[in-house]
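There are 2 protein chains.
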Amino acid sequence: MESSNLRAVLVKALRKSIPLHCILSDAEDTRPYECDSLSTYKQLPLVVVLPEDEMQILAILKVCRELQVPIVPRGAGTGLSGGATPIENGLVLSTAKLNKILEVNAYARSARVQPGVRNLAISDAAISFGLYYAPDPSSQLACSIGGNLAENAGGVHCLKYGLTVHNVLRARVVTIDGDILELGSEALDAPGLDLLGLFIGSEGMLGIVTEITVKLIPKPQTAQVIVASFSDVEQAGNAVAQVIAQGIIPSGLEMMDQTSVRMVEPFVHAGYDVNAAAILLCEADGNTEEVADEISRMCAVLEKAGASSLKLSMNEAERTKLWSGRKNAFPAAGRMSPDYYCVDGTIPRKHLAQVLRSITEMERQYAMICANVFHAGDGNLHPLILFDANDPGAFEKAEAFGAEILALCVALGGTITGEHGVGIEKLNSMCLQFNAAELACFMAVKEAFDPHKLLNPTKGIPSLNRCAEFGRMHVQNGRLNFPELPRF
Amino acid sequence: MESSNLRAVLVKALRKSIPLHCILSDAEDTRPYECDSLSTYKQLPLVVVLPEDEMQILAILKVCRELQVPIVPRGAGTGLSGGATPIENGLVLSTAKLNKILEVNAYARSARVQPGVRNLAISDAAISFGLYYAPDPSSQLACSIGGNLAENAGGVHCLKYGLTVHNVLRARVVTIDGDILELGSEALDAPGLDLLGLFIGSEGMLGIVTEITVKLIPKPQTAQVIVASFSDVEQAGNAVAQVIAQGIIPSGLEMMDQTSVRMVEPFVHAGYDVNAAAILLCEADGNTEEVADEISRMCAVLEKAGASSLKLSMNEAERTKLWSGRKNAFPAAGRMSPDYYCVDGTIPRKHLAQVLRSITEMERQYAMICANVFHAGDGNLHPLILFDANDPGAFEKAEAFGAEILALCVALGGTITGEHGVGIEKLNSMCLQFNAAELACFMAVKEAFDPHKLLNPTKGIPSLNRCAEFGRMHVQNGRLNFPELPRF
Chain D
58 MESSNLRAVL
68 VKALRKSIPL
78 HCILSDAEDT
88 RPYECDSLST
98 YKQLPLVVVL
108 PEDEMQILAI
118 LKVCRELQVP
128 IVPRGAGTGL
138 SGGATPIENG
148 LVLSTAKLNK
158 ILEVNAYARS
168 ARVQPGVRNL
178 AISDAAISFG
188 LYYAPDPSSQ
198 LACSIGGNLA
208 ENAGGVHCLK
218 YGLTVHNVLR
228 ARVVTIDGDI
238 LELGSEALDA
248 PGLDLLGLFI
258 GSEGMLGIVT
268 EITVKLIPKP
278 QTAQVIVASF
288 SDVEQAGNAV
298 AQVIAQGIIP
308 SGLEMMDQTS
318 VRMVEPFVHA
328 GYDVNAAAIL
338 LCEADGNTEE
348 VADEISRMCA
358 VLEKAGASSL
368 KLSMNEAERT
378 KLWSGRKNAF
388 PAAGRMSPDY
398 YCVDGTIPRK
408 HLAQVLRSIT
418 EMERQYAMIC
428 ANVFHAGDGN
438 LHPLILFDAN
448 DPGAFEKAEA
458 FGAEILALCV
468 ALGGTITGEH
478 GVGIEKLNSM
488 CLQFNAAELA
498 CFMAVKEAFD
508 PHKLLNPTKG
518 IPSLNRCAEF
528 GRMHVQNGRL
538 NFPELPRF
Chain B
58 MESSNLRAVL
68 VKALRKSIPL
78 HCILSDAEDT
88 RPYECDSLST
98 YKQLPLVVVL
108 PEDEMQILAI
118 LKVCRELQVP
128 IVPRGAGTGL
138 SGGATPIENG
148 LVLSTAKLNK
158 ILEVNAYARS
168 ARVQPGVRNL
178 AISDAAISFG
188 LYYAPDPSSQ
198 LACSIGGNLA
208 ENAGGVHCLK
218 YGLTVHNVLR
228 ARVVTIDGDI
238 LELGSEALDA
248 PGLDLLGLFI
258 GSEGMLGIVT
268 EITVKLIPKP
278 QTAQVIVASF
288 SDVEQAGNAV
298 AQVIAQGIIP
308 SGLEMMDQTS
318 VRMVEPFVHA
328 GYDVNAAAIL
338 LCEADGNTEE
348 VADEISRMCA
358 VLEKAGASSL
368 KLSMNEAERT
378 KLWSGRKNAF
388 PAAGRMSPDY
398 YCVDGTIPRK
408 HLAQVLRSIT
418 EMERQYAMIC
428 ANVFHAGDGN
438 LHPLILFDAN
448 DPGAFEKAEA
458 FGAEILALCV
468 ALGGTITGEH
478 GVGIEKLNSM
488 CLQFNAAELA
498 CFMAVKEAFD
508 PHKLLNPTKG
518 IPSLNRCAEF
528 GRMHVQNGRL
538 NFPELPRF
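As you go down the protein sequences, you meet chains D and B in turn. According to the working numbering, the first sequence holds residues 58 to 545 in order. According to the working numbering, the second sequence holds residues 58 to 545 in order.
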């Protein structure tokens, strides 16, 4: 069927159960949905639907099942790996209208919310009880909890407080066949297979989440941050490992290289040392005694590791200021360069310095600048590759650069995503990370939930054909000529 | 094929790749494997194999696939839900010989071990680095890490440190089709679907684990425990909720009722108040300041909640003594009664007192004694139903009593297992917990991994037929006449 015909048929079928104001089908209306925050990939969806309740979601899935129309679920569109990039002749199911906080239970320390609720709105609702929701992706002002669940989002504090998967207790899910599943429990364990764990991070490929119960935790009494300067990147990398080896779990342990410090400092005036080769931000939170104890132990470790200077926040305003540089690294990149490409991979902490050296080498090779901002404590890298999308081929080059960093992560025993997901962005990198049997397993699990292959197909899991193709390309093409990668 | 013929064919096929000393087939040799710690269910396996490496496991799976022989994986046999109960004409695959600690990495705070390694042996190997493996099921001296993974085992400290699923980083798995999967990563997140989370707690239904990387954490500097007596069960239950509501996460928060206190005290002389209606054990661990702060806050909460007396450990010997009563509750039950049946369910903490009242009512109804030992902090109940297996029908009555407690857990918004798994024990209770769509989903995921239905079949997931049967029985039979259960 032609697109315009299919659109008409689809809208007509949807209209039987969905109010008109919840269906967008004119290009003018669907344009804002043509991409998520991986904005180099664009595709106009056939139709966008914004259901107002679970019944409407069931109706949408039924229509799509009958007409065999693929569905792309979408939260706030802040994802960085293209999980919400529309599919040609597909429908986008936006959770934007499902934005109610249904319950905040201070007693059980949990909140029950709809998937479209913004991450920060949960903490706002819990603040009067002295509670908050811990995972804090940089987009937390805008991103939705449903999207967080789909991508297993993290944030600066996840070293101590965990990713989304560690902070979600239950989810209510609608399957493509119209069944309703209640996954997880308010207890630590749940009987049966851990389908909640499976759903978290499944990038919309297994079902549509209609209700989420998250864990709330008490606001720490106080927090303090150290900014440590290092004249040598190697020393900074080793300092991270030494803090962790001391048995300290900082509430944040971030690393910025000189490029990123010099990028943010003129913009934010956080007071960072622009002559340092790298800086570390080390935060402790808890009660006063705990924080004082951890801070003094961290200062000792950092000094011993060769820090050239240490700066401590003496009050909440100073703490906020010292964090502002790190928190504004992405906007600063946007200010310094017309475009930037944010890479997301992980490595064992001990290889931090080695990765920075290799990235410097790649900068020369690709003739591109890369600013490095790392969640160093958990070995999660966010290199920001600067480029100008108006230069022909520049994005492709940046993408190849990013892919090479991810290949290096795999070679060092790390992974190709720390918190941004696979989406469409990292399908080729998945071929490096996993063998054919592992990918076949992913696909079999997906098909157990979605035998019709309608839920966000072509995302998350590369086909074995694609991997074979990628393998050939990677041998022929000099640019993608990664070293032989050992299996971890 | 007859059993004896099938056994001969199976042994002959196994002998091609497995050394003779690793195969047990005489009834005399296989007898010790006829049950796990749910010892009321017994079945002689056709053959027991104790492979020495992964290659041998692959060979065993290949033979079983070709001959269509079901496989029951077995760790140390300490499981309480019958996960390792043999299947008629099935093979038992014991991991007992896979007992090597391959690596302790103090730097990465992890240990890589084979599945047959005992839980406590990991901490023993890590102690010289000041590290340990946190989950501590009561069987930790004997139970294996592979079995812990299969059942998602917990323990007294899991309120603060999590269950097995929170403490395993990676697993290497062999599938029934002979593929090798590497699941999880040393980073917080792993790309692709979270198959590691799915495997943990899957009771041997999805594959055979051949290598496990666990998280190690620093030994806390110190720990202190409070034993609080209450003259009223309701007050004790509410005190638990109030401790948690204060933002304290104790390293242990256990509750024992009068029956269990009076059961253990003459045996262990822990110094418990035998006149209390219930006692709580509340522990804090960490550095000296943290512990002092938490203990004083907990004392204040407990006093305010109506504790009739508080006893504090003043040194490590006293702490061990105060815990000894709780830790010996199961042996004490074994001393007081020829047999006991340990139930495992969870409820929201706020219902603790109500559940104790209902169990008292059921004791009258069933004319059986039940001693209650709860991981109260996380709402995990372990009622111990005392009976004498020599009395005809006594076990069946105890089982029905246990099932009724689990039905109550579901009715109160809790679950039918906290840490012991489903196995064969709780197949009927699964029908109360989940609807048909949810059970079908479990089965579809199982079949994605095990299309031949050879891996621990008939465990973990009830068939829809069985649930229909159970539903009918539950209406007809007075004893199982549970109240209409609301869906949570």
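Read the hints as simulated data drawn from the structure, not as lab findings. Please note that the accuracy of each hint is not assured.
Pairs involving identical chains hold if they fit within one copy or between any two copies, as the list cannot separate such chains.
[Claimed, not checked] Calculated cross-link-like contacts (lysine-lysine; reagent style BS3-like; alpha-carbon spacing at most 25 Å):
1) K272 - K217
2) K276 - K217
3) K272 - K407
4) K276 - K407
5) K99 - K73
6) K276 - K361
7) K154 - K384
8) K384 - K73
9) K361 - K407
10) K217 - K378
11) K69 - K276
Hint check:
no.: 1; hint: K272 - K217; in the structure: both (15 Å within a copy, 14 Å between copies)
no.: 2; hint: K276 - K217; in the structure: both (13 Å within a copy, 17 Å between copies)
no.: 3; hint: K272 - K407; in the structure: between (32 Å within a copy, 16 Å between copies)
no.: 4; hint: K276 - K407; in the structure: between (31 Å within a copy, 22 Å between copies)
no.: 5; hint: K99 - K73; in the structure: neither (30 Å within a copy, 57 Å between copies)
no.: 6; hint: K276 - K361; in the structure: between (32 Å within a copy, 23 Å between copies)
no.: 7; hint: K154 - K384; in the structure: neither (29 Å within a copy, 51 Å between copies)
no.: 8; hint: K384 - K73; in the structure: neither (46 Å within a copy, 62 Å between copies)
no.: 9; hint: K361 - K407; in the structure: within (17 Å within a copy, 49 Å between copies)
no.: 10; hint: K217 - K378; in the structure: within (21 Å within a copy, 33 Å between copies)
no.: 11; hint: K69 - K276; in the structure: neither (49 Å within a copy, 64 Å between copies)
In summary, the numbered hints that this structure violates are 5, 7, 8, 11.
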